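Visitor: Chains as they are written, first to last, in my numbering: chain A, 1 to 147; chain B, 1 to 108.
Hints listed in this document are in silico derivations from the structure and should not be mistaken for laboratory results. Note that the coordinates shown come from a computational prediction; the quantities given were computed from them, not determined experimentally. Treat the hints loosely; a few may be bogus.
[Unchecked claim] Here are the simulated lysine to aspartate or glutamate pairs, DMTMM-like style, with alpha carbons at most 20 Å apart:
(1) A/Lys120 / A/Glu60
(2) B/Lys90 / A/Glu96
(3) B/Lys96 / A/Glu37
(4) B/Lys72 / A/Glu105
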Amino acid sequence: MKPINEMKLKTQSKSVNESFTRATVAAFAVQLDPTVEELADIRTAVSEAVTNCIVHAYPESVGEIYIWAGIYENGLIRIRIRDTGCGIINVKQAMEPLFTTLGGERSGLGFSVMQSFTDKIKVRSVAGKGTTVTLEKYIRGREYCDD
Amino acid sequence: MDVKISSSPVRLTVFLSGELDHHSAASMRAQTDKAIIESTARLIRLDFGQITFMDSSGIGFVMGRYRLAHGKGAQVEVTNLTKKYLQIMKLAGLEKLVSLKSEQEVNK
Ligand SMILES: Nc1ncnc2c1ncn2[C@@H]1O[C@H](COP(=O)(O)OP(=O)(O)OP(=O)(O)O)[C@@H](O)[C@H]1O
Ligand SMILES: [Mg+2]
């Protein structure tokens, strides 16, 4: 399946960029005519993945975050967030609710939030090489909105 | 300013506004904690009514304030949560630690 439209964004892993990256992807998704709620779901899921690049992938340095999004004829949006940071040794464990390697004010729920706010998530990671998170969401739009 | 404080002898209310993410949490945390530390009230209310965005950083934020308040013997309640934010907080099991109230449940 080929996307009918695509976007790419490369940004530095600085926390000040969290806000505009999620807003940019959400603005791109608007052409699928999503509900306010669906847009909020996209913003939240993207924010989780981007924040993970900033706090986990490049803990002591500033690296690049590569974001790609494609939309498809059937109302699907696929969003890929990639870093070339430290990678995840055990992805299955990392995705479990409440699992975190940082503690402090991290709750270990980023992946759970991504899971519950999208239809599908795929995580590929190589220790020392980096991580790619792919999110998929079907935009049902206003026709299914019940209010 | 993204944090406004209103306090009485029984209750400290922290009105949060804007986007609560990993970036903005730092300054919200500093302002809120200063108020909690200075307060002698037994109830700390975190009002999310003007929050326009939140992700899991918001969960960490509430958890951190709970720990601080709990250490002083104070209770925490989180008010004016939208359905979505209530859902995120419940996902974290936060309702066992703090009282969570949606928009309808708070009538003032
Ligand atoms: N891009 C990444 N690079 C390296 N490690 C990552 C990356 N994303 C996630 N991780 C690892 O997976 C763990 C779980 O991530 P998740 O987002 O679920 O929780 P968290 O970031 O620790 O806490 P929260 O998102 O609730 O603030 C992280 O603690 C970290 O060890
Ligand atoms: Mg996270």
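Visitor: None of the hints should be skipped; say for each whether it holds.
Guide: Structure-based check of all given hints:
This hinted pair does not check out: A/Lys120 and A/Glu60 have alpha carbons roughly 30 Å apart, beyond 20 Å. The hinted pair formed by B/Lys90 and A/Glu96 meets the criterion: a straight-line CA distance of about 16 Å does not exceed 20 Å. Distance restraint check for B/Lys96 and A/Glu37: the Cα-Cα separation of roughly 27 Å exceeds the 20 Å cut-off, and the hinted pair is therefore not satisfied. Pair hint B/Lys72 plus A/Glu105 holds up; C-alpha atoms about 19 Å apart against a cutoff of 20 Å.
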